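Student: Chains as they are written, first to last, in our numbering: chain R, 1 to 142; chain Y, 1 to 154.
Honestly, the hints are just simulated from the structure, not real lab data.
Quantities reported herein were computed from a predicted structural model and do not represent experimental measurements.
Every residue, glycine too, gets a C-beta built ideally from N, C-alpha and C.
Possibly wrong hints are sitting among the right ones.
Straight-line C-alpha distance at most 25 Å; calculated SDA-like pairs for lysine to any residue [to be verified]:
(1) Lys-3/Y <-> Glu-104/R
(2) Lys-35/Y <-> Tyr-121/R
(3) Lys-35/Y <-> Leu-4/Y
(4) Lys-3/Y <-> Gly-130/R
(5) Lys-115/R <-> Lys-35/Y
(6) Lys-115/R <-> Asn-104/Y
(7) Lys-77/R <-> Thr-133/Y
(8) Lys-61/Y <-> Ile-37/Y
(9) Lys-61/Y <-> Gln-38/Y
(10) Lys-35/Y <-> Gly-73/Y
(11) Lys-115/R <-> Thr-77/Y
(12) Lys-115/R <-> Arg-19/Y
(13) Lys-7/Y <-> Ala-101/R
(14) Lys-7/Y <-> Arg-50/R
(15) Lys-115/R <-> Arg-122/Y
(16) Lys-7/Y <-> Thr-133/Y
(17) Lys-39/Y <-> Tyr-121/R
(18) Lys-77/R <-> Glu-9/Y
(19) Lys-70/Y <-> Asn-120/R
(20) Lys-3/Y <-> Ile-103/R
(21) Lys-7/Y <-> Pro-42/R
(22) Lys-7/Y <-> Arg-114/R
(23) Lys-3/Y <-> Asp-107/R
(24) Lys-7/Y <-> Glu-104/R
(25) Lys-7/Y <-> Leu-48/R
(26) Lys-115/R <-> Lys-61/Y
(27) Lys-70/Y <-> Arg-123/R
(28) Lys-115/R <-> Trp-40/Y
(29) Lys-115/R <-> Thr-108/Y
(30) Lys-3/Y <-> Glu-126/R
(31) Lys-77/R <-> Asp-127/Y
(32) Lys-115/R <-> Val-16/Y
(33) Lys-93/R <-> Gly-10/Y
Non-contacting residues of chain Y with respect to chain R, defined by C-beta distances greater than 12 Å in every case (computed) [as the list claims (entries may be wrong)]:
(34) Asp-33
(35) Asp-55
(36) Glu-65
(37) Gly-72
(38) Gly-73
(39) Glu-82
(40) Arg-88
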Amino acid sequence: MRSGRCPVQADFLLTISKRLYNILLMSETLNLDAAFSALADPTRRAILARLAKGETTVMELAKPFEITQPAISQHLKVLEDAGLVERRVDGAKRPRRLAEAGIEVMDQWLAMLRKALEKNYDRLDEVLAGAELPKRKRGEKR
Amino acid sequence: MSKLTLKTEGNTHVVVTRRFAAPPEAVYRAHTDPKLIQKWLLGPEGWTMPVCINDARPGGKIRYEWTNGKGGGFHLTGEYVELEPYGRIVHVERMHLPHPTPDNHVETRFDADGTGTLMTMRMTLPDAQTRATMLATGMERGMEASYVRLEEMI
Chain R
1 MRSGRCPVQA DFLLTISKRL YNILLMSETL NLDAAFSALA DPTRRAILAR
51 LAKGETTVME LAKPFEITQP AISQHLKVLE DAGLVERRVD GAKRPRRLAE
101 AGIEVMDQWL AMLRKALEKN YDRLDEVLAG AELPKRKRGE KR
Chain Y
1 MSKLTLKTEG NTHVVVTRRF AAPPEAVYRA HTDPKLIQKW LLGPEGWTMP
51 VCINDARPGG KIRYEWTNGK GGGFHLTGEY VELEPYGRIV HVERMHLPHP
101 TPDNHVETRF DADGTGTLMT MRMTLPDAQT RATMLATGME RGMEASYVRL
151 EEMI
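Please take these sequences and the hints and turn them into a complete structure.
Tutor: Given below as structure tokens:
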């Protein structure tokens, strides 16, 4: 019990809930579900790979693919709705580029999932180190 | 050396790899003996697994129940398909949240790697949408783990 330090705790809890709120807000805005569905298509993955090299117009984007421009536009719309691609206004042109924020949130999210799994396996390391099975030195973990 | 990798593969797979400093026999046992499973397959800190049914033979039932001790909980059911001691396990599992999620078909391999083991777990989901949903659910649990870690800093 650290009853004498309540203000500090309250401050920390506020920070935590703010942070969680931000994450929730981000994931809702960017719709991770949609992002992963968007990635499920090979053409869309190829579009993202192309955009990773820099922004480009829809017409240029369609060139390497054996599909029509409207089909490419349709794929782009899915990627835009998922928050992974955005368009810039440049006179009459609307070049597309990667939406850094969307890509970053997916990265962060995969890192968090990895950490949750890692927690299980860190515990398994300890089980394995302590089990009455072929012994291994402790202190090797992490 | 204990680094975990998590990758999506094609449209419906998720592949997880992890190295362990124990031989395949030990890692295999930790995956099939309920007494051992209850010690580590717990997710975020603060969760326990009061019920662990794990009948490790073809057709054998799996049932894991987790609780956070504060009224929160969920469970998983599944069946074993194939077991090759101490190298390979094939099973099917689904989460109940509380409605059952589509079946996740899991192949887990334990390959000798020096004096340790390389585990490769390959999950196959029925379609891309299901995989997206499963990964998104994982995020919620991951977030909770972050929350717990932050809490520990207090």
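Student: Each hint needs a verdict: does it hold in this structure or not?
Tutor: Each hint tested on the structure:
About 21 Å separates the Cα atoms of Lys-3/Y and Glu-104/R, which keeps this hinted pair within 25 Å; it holds. With a C-alpha separation of about 16 Å, the suggested pair Lys-35/Y and Tyr-121/R falls inside the 25 Å cut-off, and the hint holds. Among the hinted pairs, Lys-35/Y with Leu-4/Y is consistent with the structure: their alpha-carbon atoms are about 24 Å apart, no more than 25 Å. Distance hint between Lys-3/Y and Gly-130/R is fulfilled; the C-alpha atoms sit about 20 Å from each other, no more than 25 Å.
For the suggested pair Lys-115/R and Lys-35/Y, the alpha carbons sit about 24 Å apart, so the restraint of at most 25 Å is met. Straight-line distance between C-alpha atoms of Lys-115/R and Asn-104/Y comes to about 21 Å, which keeps the hinted pair within the 25 Å bound. For a cut-off of 25 Å, the pair hint linking Lys-77/R to Thr-133/Y stands: about 21 Å separates their Cα positions. Using a Cα cut-off of 25 Å, the hinted pair Lys-61/Y and Ile-37/Y holds, with the two alpha carbons roughly 15 Å apart.
For a cut-off of 25 Å, the pair hint linking Lys-61/Y to Gln-38/Y stands: about 16 Å separates their Cα positions. A distance of roughly 20 Å separates the Cα atoms of Lys-35/Y and Gly-73/Y; the hinted pair therefore holds under the 25 Å criterion. Under the criterion of a C-alpha separation no larger than 25 Å, the hint pairing Lys-115/R with Thr-77/Y is consistent with the structure, at around 24 Å. For the suggested pair Lys-115/R and Arg-19/Y, the alpha carbons sit about 15 Å apart, so the restraint of at most 25 Å is met.
Our distance criterion of 25 Å between C-alpha atoms is met by Lys-7/Y and Ala-101/R, whose separation comes to about 21 Å. Taken as a hint, the Lys-7/Y and Arg-50/R pair is honoured in the structure, with Cα atoms around 21 Å apart against an allowance of 25 Å. A distance of roughly 18 Å separates the Cα atoms of Lys-115/R and Arg-122/Y; the hinted pair therefore holds under the 25 Å criterion. Restraint check for Lys-7/Y and Thr-133/Y: the C-alpha separation of about 15 Å stays at or below 25 Å, so the hint holds.
Our distance criterion of 25 Å between C-alpha atoms is met by Lys-39/Y and Tyr-121/R, whose separation comes to about 11 Å. Only pairs whose Cα atoms come within 25 Å are accepted, and Lys-77/R paired with Glu-9/Y is accepted, the gap being roughly 24 Å. Among the hinted pairs, Lys-70/Y with Asn-120/R is consistent with the structure: their alpha-carbon atoms are about 20 Å apart, no more than 25 Å. With a CA separation close to 23 Å, the supplied pair Lys-3/Y and Ile-103/R stays within the 25 Å bound.
A distance of roughly 16 Å separates the Cα atoms of Lys-7/Y and Pro-42/R; the hinted pair therefore holds under the 25 Å criterion. With a C-alpha separation of about 10 Å, the suggested pairing of Lys-7/Y with Arg-114/R holds against the 25 Å cut-off. Using a Cα cut-off of 25 Å, the hinted pair Lys-3/Y and Asp-107/R holds, with the two alpha carbons roughly 17 Å apart. Distance hint between Lys-7/Y and Glu-104/R is fulfilled; the C-alpha atoms sit about 16 Å from each other, no more than 25 Å.
Using a Cα cut-off of 25 Å, the hinted pair Lys-7/Y and Leu-48/R holds, with the two alpha carbons roughly 17 Å apart. Restraint check for Lys-115/R and Lys-61/Y: not satisfied, since their Cα atoms lie roughly 28 Å apart, outside the 25 Å limit. Straight-line distance between C-alpha atoms of Lys-70/Y and Arg-123/R comes to about 22 Å, which keeps the hinted pair within the 25 Å bound. The straight-line distance between the Cα atoms of Lys-115/R and Trp-40/Y is roughly 14 Å, inside the 25 Å bound, and the hint therefore holds.
For the hint pairing Lys-115/R with Thr-108/Y, the CA-to-CA distance comes to about 20 Å; that is within 25 Å, so the pair holds. Between Lys-3/Y and Glu-126/R the CA atoms are separated by roughly 15 Å; this keeps the pair inside 25 Å, and the hint holds. Of the pairs offered as hints, the one joining Lys-77/R and Asp-127/Y holds, with about 21 Å between alpha carbons and a cut-off of 25 Å not exceeded. Distance restraint check for Lys-115/R and Val-16/Y: the Cα-Cα separation of roughly 12 Å lies within the 25 Å cut-off, and the hinted pair is therefore satisfied.
Under the criterion of a C-alpha separation no larger than 25 Å, the hint pairing Lys-93/R with Gly-10/Y is inconsistent with the structure, at around 34 Å. Annotated as non-interface, Asp-33/Y brings its C-beta within 12 Å of a C-beta of chain R; the closest such distance is 9 Å. The claim that Asp-55/Y lies off the interface holds: its Cβ sits roughly 20 Å from the closest Cβ of chain R, which is beyond the 12 Å cut-off. The beta carbon of Glu-65/Y is kept farther than 12 Å from every beta carbon of chain R, the shortest such distance being approximately 16 Å.
Every C-beta of chain R lies more than 12 Å from that of Gly-72/Y, the closest at about 16 Å, which supports listing it as non-interface. Taking the minimum C-beta to C-beta distance to chain R, about 17 Å, the non-interface status of Gly-73/Y holds against the 12 Å cut. Every CB of chain R is more than 12 Å from the CB of Glu-82/Y (nearest about 22 Å), matching its label as outside the interface. Against chain R, the non-interface label of Arg-88/Y holds: every CB pair exceeds 12 Å, the least being about 18 Å.
When held up to the earlier numbered hints, the structure conflicts with 26, 33, 34 and fits the remainder.
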